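J.: Once you've looked at the hints, dock chain B against the given chain A.
Residues per chain, in single letters:
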Amino acid sequence: MTVGMHLALVVEDDRAVQKIVRMVLEANGFRVVVAESCARGERDARSQRPDVTIVDLGLPDRDGIELIKSIRSWSPAPVIVLSARSAEAQRLAAFEAGADDYVIKPFSAPELLARVRATLRRHVRGQLPSGILELGHLSIDLSRRVVQRRGGGEARLTPLEHRILETLARHRDRVVTHSQLLREVWGPNRVDTRSLRVFITTLRKKLELDPTRPTYIVTELGVGYRLVVDSPIEAAGDDRGTS
Amino acid sequence: MNLASKIDIAIDTAANSEPYQGNREHLLVVMSSSEYDLDLIHAGRRLAEALRAAWTVVNMQTSAFRLMPDRRQDRRLEIARIAETLGAESVTLHGASAAHTIAGYARLRQASRILVGSPARFGWSALMQHACTAALRRMAPGTEIIAIAARVRSDGCARVGGSTRPALPPFWRRRPYSGARALGYLWGLAFTAISTAAAWPIAGHVDLINIVLIYLLAAAMSGMLLGRGPSALTAIANTLAFDYFFVPPLFSFQVLDSSYCETFAAMLLVALIIANLMIVVREQTEVAGVREHHTAALYAIARDLSVARDADAMVATVVRHIGEDLQAYAQVLLCDPSGHISAPPAPPARDHRPMLNLTVAQWVAVRGERAGFGTRQFPGEPARYLPLRGSGGTIGALAIERADPADALLPEQQQLLEAIADQLALALERVRLAELAHAAHLAAERAALRNTLLASISHDLRTPLSAIAGAGSIVAQDDFVLDVYRRVTLGRLIEDKARDMSDLLSNVLELVRLESGADVLNRDWHALNELVGLAIGRHESRLAGWHVTTEIPADLPLLSLDANLIVQLLSNLLENAIKYTPPGTHIRICAQREDGAVRLAVEDTGPGLGVDATEQLFEKFSRGRTEGNAGGVGLGLTICRAVARLHGGEIHAAATPTGGARFEVTIPSTDEPETVETPSTAA
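Protein chains in written order, with this note's numbering: chain A, 1 to 243; chain B, 1001 to 1683.
Here chain A stands alone, though its shape is the one from the complex (with noise of 0.2 Å):
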């Protein structure tokens, strides 16, 4: 095998959509190891430390919850779920867990396949080399708190932006529960998500070109927010946000 080629563990029960996954992974360069319980995941994970791991919740032996938060106890390595729950407290409980992402069954290929990568980059990209925030047209100083658009014009944040801001960039492409952002910006006694939401508006009318379309800091609804850096999908919102 070759070395540069990433290592999914696909945890799924399900024949057909292992199959899928297989094929979907395989035919972009990747290697993959299918699991059928929590507890061969769990061996998988450990033997062959693979670089994102893609698990199913409603897996034979244990809730496929359990594994993620048993696989984020040791490793930093992405762990996307693949579910056909959609209950947005099922979805919040998954990102508590230490998911990165959550791919709804029915899911479509190409979908599966840019999140995966989506996490990969931003797993491997890690810190930000000097607190410039490159977003799209955007170029976000975040130490001296200004938002500069590209074409010019530069808009500049308040204190609690900022401080939004910076701890969605920290993590970027992934999706930061209302409970985490609230503890992080506002500290830990905090339960109202009003002036969280009001904030999160101000934001983006500084950031979007539509704030009611947002591209960059995007709602994962009733779990959060995800600030999206760079990916396929945000190449698609630029074609959009021109036409």
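The set of hints was computed from the structure by calculation and includes no laboratory data. Don't take every hint at face value.
[What the hints assert, rightly or not] Label-pair restraints from in silico Cβ distances: (1) 73/A with 1545/B: 47 to 53 Å; (2) 20/A with 1485/B: 21 to 27 Å; (3) 1545/B with 150/A: 26 to 32 Å; (4) 149/A with 1454/B: 52 to 58 Å; (5) 192/A with 1324/B: 42 to 48 Å; (6) 105/A with 1475/B: 17 to 23 Å; (7) 1459/B with 37/A: 37 to 43 Å; (8) 63/A with 1367/B: 34 to 40 Å; (9) 1485/B with 58/A: 48 to 54 Å.
On a predicted model such as this, the values are computed, not experimentally measured, just so you know. Using N, Cα and C, we set each Cβ at its ideal position, and we do this for glycine too.
T.: What follows is chain B alone, placed relative to chain A:
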């Protein structure tokens, strides 16, 4: 011929004769004013058992009965109670003529046989009895009159069932009567004294006959107010006083004119008769009062039951009335659908309640017969249990216990109680039937809905499935040479159709969840434009051909909403716009504040709704236009309406001035969130 053989003959005749009535025979046992009533009751029971007849013990109350000593009246009531424990119904009839009243009652109850006693001794009462029996034979033709002779006992008196309980006074004498008896006699003498004092001043001026009238007045009043004994004393004392004070020679019991003796006799007799009449009038008034009270009580219960809305209220009404009218604690035990009596909930705020024995209550419910205290079954129980008989069987039991355990129920009270139980049973059954009808209606509605749902879903699932299966089979065929374009087309088709099915399933599940009525809203504060953006984002690729504009005021406050559901609502409206308008159509999403609400509208410049009855669009499985296959199962707008209503709002469809479709959602906006807090520490 002794009693046993008489009964045997009666039984024999009964067995050989055709039943009088097509249904169950009815036997009346008429208690006479004699001491062998108990024998009569036992004979009646044996005959009734042999005939498998229902039997009723008649306690006939004529004026003659009232002349009986209290002791004998009490015993008769006691015997009536014993008869009840033996399975008889007991009834008290009032009337001037015993034969006439009994014959009328026999007709009413369609009694085929009447059992009467035949006195063993000769005397006045025996003569009366024979006359009564003869009159009964005359007045009730077609009814068999069986006269039973009693055994004469050595002690001359039939002992009553070994009961050591003191006999109770009849209900119309329910007053501290015996304790005040001596006082009554004193009052009787006082009447004489008063009338003497009143007559004294006029003695010289008027004829003596007027004095007699004053004494008669006193006797009448004594009879009305004091009862039998004292009034008799008054009558005698009056005669003596008249002789002593007014008939010459004065102040002496001697009488010069012997014709005064006749006057005395007439005076005494008339005084006694008047007093007795007054007593009868008073008693009848009291009886009427008691009956009126019972009627009024029944009427009040019926009225209260008719306004009671549910079973609990009915039960409470009856418990209260029994407490008030019968001085008894009552509890209603209802059967569950499987026929089991369950332990009642904690009693209403009341210190006392019947000491319940659920086994007995269950027995009553199963057998439909009364049991417990004062009955043949489980007489040792402190409470009496009456079945609540509905048309389809026993629906429960009514348990009552008198406040004073020694205070047994009188026949009238038992009848009142049974009438109450019947009324309660009817009322409860009414409620139950109404509930059943409602449940049946709901079930039918649900079944109809399920059928529509199944038909709709199976159609809407099968159509994409056939496309998927077809496309899949082409792709899977290795001898089909497919160019890239065809392969991609087939793949798209499979993906799109699968997505349609998935959407349909989500819609159905979502609707089921929304209509479950449970607390499904997950409210939080949201900016409406964010949700609108998310809804548009869901249809990003499909909306490419449409011109979508949004007009959301920037100052719109945050709204407390279930974001997922509102996005779903908007997304459904957009989906409809995509489905029912041609590409190139303008879709406008706008929001407006109104006092206390936010009005959100999605309108298009398409061909319009195509229906007049816009409200029907929101019904399940309704599609705007029937022609063409726009896909979908007709649940989108139903979900929209469910979401709007869950938020306390409403959704309406209308035509725009240009003929397009406009869907308008009104959502009440609760108070604006309080001012946004700033972080405690500066950045």
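J.: Among the hints numbered above, which are violated by the structure, and what are their numbers in rising order?
T.: Hints 5, 8, 9 contradicted; others consistent.
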